[in-house]
Amino acid sequence: MFLTVCRKSDSFEGRAALGSWIYRVTANAALNKRRGKRQELETSLEEQLPRFKEDGHREGDRAWVLADWSQNPERALLSGETRAVLGRALDALPEHYRAVLTLRDVDELSNEETAEILGESVASVKSRLHRARMALREQLTRHLGPRT
Amino acid sequence: MTCREAIELMLDYLDAALSPPSVEELERHFAACAPCRAYLATYKKTKALAAEANRVEMPDEMKRRLRRFLLEQLRNTT
Numbered sequence: 000m001f002l003t004v005c006r007k008s009d010s011f012e013g014r015a016a017l018g019s020w021i022y023r024v025t026a027n028a029a030l031n032k033r034r035g036k037r038q039e040l041e042t043s044l045e046e047q048l049p050r051f052k053e054d055g056h057r058e059g060d061r062a063w064v065l066a067d068w069s070q071n072p073e074r075a076l077l078s079g080e081t082r083a084v085l086g087r088a089l090d091a092l093p094e095h096y097r098a099v100l101t102l103r104d105v106d107e108l109s110n111e112e113t114a115e116i117l118g119e120s121v122a123s124v125k126s127r128l129h130r131a132r133m134a135l136r137e138q139l140t141r142h143l144g145p146r147t
Numbered sequence: 000m001t002c003r004e005a006i007e008l009m010l011d012y013l014d015a016a017l018s019p020p021s022v023e024e025l026e027r028h029f030a031a032c033a034p035c036r037a038y039l040a041t042y043k044k045t046k047a048l049a050a051e052a053n054r055v056e057m058p059d060e061m062k063r064r065l066r067r068f069l070l071e072q073l074r075n076t077t
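Chains as they are written, first to last, in numbering that gives the first Met the number 0: chain U, 0 to 147; chain F, 0 to 77.
One or more hints might be untrue.
Which bits of chain U does chain F cover? Going by a derived footprint, with three or more residues having C-beta under 8 Å, they are [stated by the list, open to error]:
no., stretch
1, 59-71
2, 76-88
3, 91-98
4, 101-111
5, 114-121
6, 125-133
List of simulated lysine to aspartate or glutamate pairs, EDC-like, C-alpha gap at most 16 Å [said to hold, decoys possible]:
no., chain 1, residue 1, chain 2, residue 2
7, F, K46, U, E46
8, F, K46, U, E45
9, F, K43, U, E112
Because the hints were derived from the structure by calculation, they are not lab data.
Beta carbons are placed, not taken as given, at the ideal position from N, Cα and C, and that holds for glycine.
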């Protein structure tokens, strides 16, 4: 990745902030590398989003919709098993969702910075981020929530 | 407000990007809706866990080389 940034250094024209340019080159290289390879791992995001009844309330049994594992001991939340669930859930996200989530939640960039790096609109970044977080939350709830 | 609408607003709510009347309406919904309170708590925790689990420290050698590269770029662009 570092070599890619060095090789592309000629394309830096000083119009964007250097930090954003490095992120853009890195993100594009990472997306290109993963493209195609990860297709088979990606599951449908729709299956991992909350479902609603016609009246707009959440669908699912009461124990499921009330599941709140956020107060579980940190040791359990940061255990190897939970990390593995999180890692698999992240890997299963479509590429551009994973990129948005990584730039926003891991690297703590703003919506605007993320949009600039990925060449997307802020609205698209926000939509992808929300759906990515909901998909990860769903997987964590399946792991940490009530057993059905 | 329905649960669907409340969940749609969660990202903007956590980014403090909602108008005061929207925040008030959303918080009224949370006060009355246990499933949405649970959803909000686990949504926030998911964000924190994803950040925690994926944060990696850059190796020292990489830091040195990156710093050298950035300095060269800065010299070339000023």
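Structure-based check of all given hints:
1. 59-71: n = 7 at 8 Å, threshold three: holds.
2. 76-88: holds (count 6)
3. 91-98: As far as the stretch 91-98 of chain U goes, the hint is violated, because 0 residues have Cβ atoms under 8 Å from chain F.
4. 101-111: Coverage by chain F holds for the stretch 101-111 of chain U (5 residues, Cβ < 8 Å).
5. 114-121: As far as the stretch 114-121 of chain U goes, the hint is violated, because 0 residues have Cβ atoms under 8 Å from chain F.
6. 125-133: Answer holds; 5 residues pass the 8 Å Cβ test.
7. K46(F) x E46(U): violated, 19 Å
8. K46(F) x E45(U): Given that 16 Å is the threshold and the Cα spacing comes to 19 Å, the pair is violated.
9. K43(F) x E112(U): Status violated; Cα separation ~21 Å.
Consistency note: the structure conflicts with the earlier hints numbered 3, 5, 7, 8 and 9.
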